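Model the full assembly from the supplied sequences, consistent with the hints where possible.
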Amino acid sequence: MKKLINSPENVVKDALAGMAAAHPDLLRVSYDPDFIMRADGPIKGKVAVLSGGGSGHEPMHGGFVGKGMLDAACPGAVFTSPVPDQMLAATKAIDGGAGVLHIVKNYTGDVMNFEMAAEMAQAEGIDVAAVVTNDDVAVQDSLYTAGRRGVGVTVLLEKIVGAAAETGANLEEVKRIAEKVNALGRSMGMALTSCTVPHAGKPTFELGENEMEIGIGIHGEPGRRRVPLQDAASITEMLATPILEDLPFKSGDNVLAFVNGMGGTPLIELYVVYNELTKILKGRNITISRKLVGSYITSLEMAGCSITLVKMDDELTKLWDAPVLTPALRWGM
Amino acid sequence: MQITADMIIRYIEGVAARISQHRDELTQLDSAIGDADHGANLDRGFAAVVAKLPTVADKDIGTILKTAGMTLVSTVGGASGPLYGTAYMRAGMALADRYEISENELVVALDAALEGIIARGKAQRGEKTMVDAIAPGIDALKAALASGVPPHEATAQALAAVEQGMKDTIPMLATKGRASYLGERSIGHQDPGATSAFYMSQVLAETLAQGA
Numbered sequence: 001m002k003k004l005i006n007s008p009e010n011v012v013k014d015a016l017a018g019m020a021a022a023h024p025d026l027l028r029v030s031y032d033p034d035f036i037m038r039a040d041g042p043i044k045g046k047v048a049v050l051s052g053g054g055s056g057h058e059p060m061h062g063g064f065v066g067k068g069m070l071d072a073a074c075p076g077a078v079f080t081s082p083v084p085d086q087m088l089a090a091t092k093a094i095d096g097g098a099g100v101l102h103i104v105k106n107y108t109g110d111v112m113n114f115e116m117a118a119e120m121a122q123a124e125g126i127d128v129a130a131v132v133t134n135d136d137v138a139v140q141d142s143l144y145t146a147g148r149r150g151v152g153v154t155v156l157l158e159k160i161v162g163a164a165a166e167t168g169a170n171l172e173e174v175k176r177i178a179e180k181v182n183a184l185g186r187s188m189g190m191a192l193t194s195c196t197v198p199h200a201g202k203p204t205f206e207l208g209e210n211e212m213e214i215g216i217g218i219h220g221e222p223g224r225r226r227v228p229l230q231d232a233a234s235i236t237e238m239l240a241t242p243i244l245e246d247l248p249f250k251s252g253d254n255v256l257a258f259v260n261g262m263g264g265t266p267l268i269e270l271y272v273v274y275n276e277l278t279k280i281l282k283g284r285n286i287t288i289s290r291k292l293v294g295s296y297i298t299s300l301e302m303a304g305c306s307i308t309l310v311k312m313d314d315e316l317t318k319l320w321d322a323p324v325l326t327p328a329l330r331w332g333m
Numbered sequence: 001m002q003i004t005a006d007m008i009i010r011y012i013e014g015v016a017a018r019i020s021q022h023r024d025e026l027t028q029l030d031s032a033i034g035d036a037d038h039g040a041n042l043d044r045g046f047a048a049v050v051a052k053l054p055t056v057a058d059k060d061i062g063t064i065l066k067t068a069g070m071t072l073v074s075t076v077g078g079a080s081g082p083l084y085g086t087a088y089m090r091a092g093m094a095l096a097d098r099y100e101i102s103e104n105e106l107v108v109a110l111d112a113a114l115e116g117i118i119a120r121g122k123a124q125r126g127e128k129t130m131v132d133a134i135a136p137g138i139d140a141l142k143a144a145l146a147s148g149v150p151p152h153e154a155t156a157q158a159l160a161a162v163e164q165g166m167k168d169t170i171p172m173l174a175t176k177g178r179a180s181y182l183g184e185r186s187i188g189h190q191d192p193g194a195t196s197a198f199y200m201s202q203v204l205a206e207t208l209a210q211g212a
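Residue numbers (the working numbering), protein chains in the order written: chain A, 1 to 333; chain B, 1 to 212.
Rather than coming from a laboratory, the hints here were simulated on the basis of the structure.
Check the hints yourself; a few may be wrong.
[To be verified] Dumping the calculated SDA-like pairs for lysine to any residue here, alpha-carbon to alpha-carbon at most 25 Å:
{"hint": "1", "chain 1": "A", "residue 1": "282", "chain 2": "A", "residue 2": "237"}
{"hint": "2", "chain 1": "A", "residue 1": "202", "chain 2": "B", "residue 2": "55"}
{"hint": "3", "chain 1": "A", "residue 1": "202", "chain 2": "B", "residue 2": "23"}
Just so you know, these numbers come straight off a predicted model, no measurement behind them.
The following block contains the structure:
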């Protein structure tokens with residue numbers, strides 16, 4: 001394992017200290033329990049938005065803490081969901097009296113820990129609502145699985161919902177918008193190489209030189225199938241087709257298109273994929289009205305990409321365009 | 001059989017040592033069908049529990065187990081934190097204020113622990129999880145005690161059932177947790193949660209065999 005770390009045990013704490021040092025204008029870091037919160041929080045009367053999950057997906061979620069997006073993020077150990085103590089402490093720290101929305105990716109550990117935290121926060125009199133993202137079309141049959149995983153839509157939802165909270169919308173309204181984005185978004189990912197979890201010290205899975213894994217999640221867990229390596233046009237087709245064939249997309253739609261790198265893929269390749277995606281969507285008479293290209297929800301140094309599409313309407317477009325000022329995403333201010 | 005609070009402390013210390021010893025094996029099993037963190041997470045959690053034990057050294061069994069459960073929830077994360085944490089907390093609640101218990105009270109506590117896991121994880125038997133190791137063990141313990149088998153032999157039979165349950169997860173198709181995303185490809189791998197449950201059961205049987 002070749003990594004720029006001091007020790008596997010201290011990766012998360014060292015990275016948190018680095019974030020605090022790099023962005024003192026935007027965020028504050030709390031240790032034991034670990035969480036990252038807006039420097040100017042809590043904001044009185046505003047619904048607070050909290051997300052969290054295992055570390056190793058940077059910039060998600062800590063990189064999205066700031067004006068117009070998250071009020072706080074709870075980082076767990078690498079690829080391990082945070083514990084309820086972290087979410088409870090963060091929930092209390094950011095509550096401005098209007099309640100807190102928890103954004104949870106549908107992974108068994110995240111769901112259970114957030115559930116316990118919400119129970120504890122509610123017992124302390126804080127109004128908590130939760131949305132569970134489950135946009136991954138690679139998981140085909142939810143009757144025989146833990147349900148679709150929450151992947152790329154989570155990033156887009158955090159931006160849109162953060163903007164909604166900034167407008168002064170109440171908790172019920174913010175939750176409605178969160179559920180709407182989740183319902184209108186779909187994702188699918190692939191890997192060219194495995195990642196190496198620091199405390200495991202070796203690659204999570206082995207892929208041959210001419211193989212790729214289709215339908216991966218974001219934790220280095222293997223995907224649905226392993227196939228021979230193909231060109232970017234074919235790979236984009238393999239990712240976009242299952243997304244487009246899963247409702248709600250149809251001819252004439254406007255979409256937010258997100259081409260995401262898994263951490264080890266350079267931007268030049270993501271643009272190649274984006275170019276292929278524009279052709280596929282044009283062929284189906286779907287317009288890309290907004291886009292995001294880059295590595296925003298990663299899986300350590302895994303090479304590969306994911307594609308996410310969200311069907312957009314005026315309400316979501318306006319919220320997407322609203323100003324945002326965070327370490328990893330910023331525009332309009 | 002008399003089970004004392006000191007034995008419960010020894011049991012928890014023993015679990016921490018056994019998990020630490022098998023940490024890489026558990027992580028390896030998890031990397032095949034999950035996300036390669038089960039051994040590391042449990043090791044971190046039980047190390048924290050051991051560090052807390054001196055604060056409950058003279059307390060009742062219920063307090064010891066509840067403290068262990070709350071510490072696991074607070075340190076493990078993932079799915080195994082809430083599941084094992086809930087299990088130990090529920091067992092502790094079933095044994096509140098008791099400094100000594102019988103084998104029948106142990107069964108009550110184990111039942112409470114399993115119910116906690118099932119409720120928190122919304123799991124049932126046959127889904128390739130820790131439930132598939134724990135539930136047959138409790139069944140075997142109850143059956144043996146009901147038919148008059150001496151307690152020490154009953155716990156040995158229960159451990160054999162846990163081990164068999166663990167092995168029975170190998171051909172199963174996972175429908176819960178992260179392994180479920182693999183579909184058919186989860187078949188042929190032993191479930192890491194069932195394996196950690198087996199190690200905990202092994203330490204429990206050894207502790208009971210040693211006695212007070």
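Going through the hints against the structure:
1. A:282 / A:237: holds, 13 Å
2. A:202 / B:55: violated, 38 Å
3. A:202 / B:23: holds, 15 Å
Checked against the numbered hints above, the structure breaks only hint 2 and satisfies the rest.
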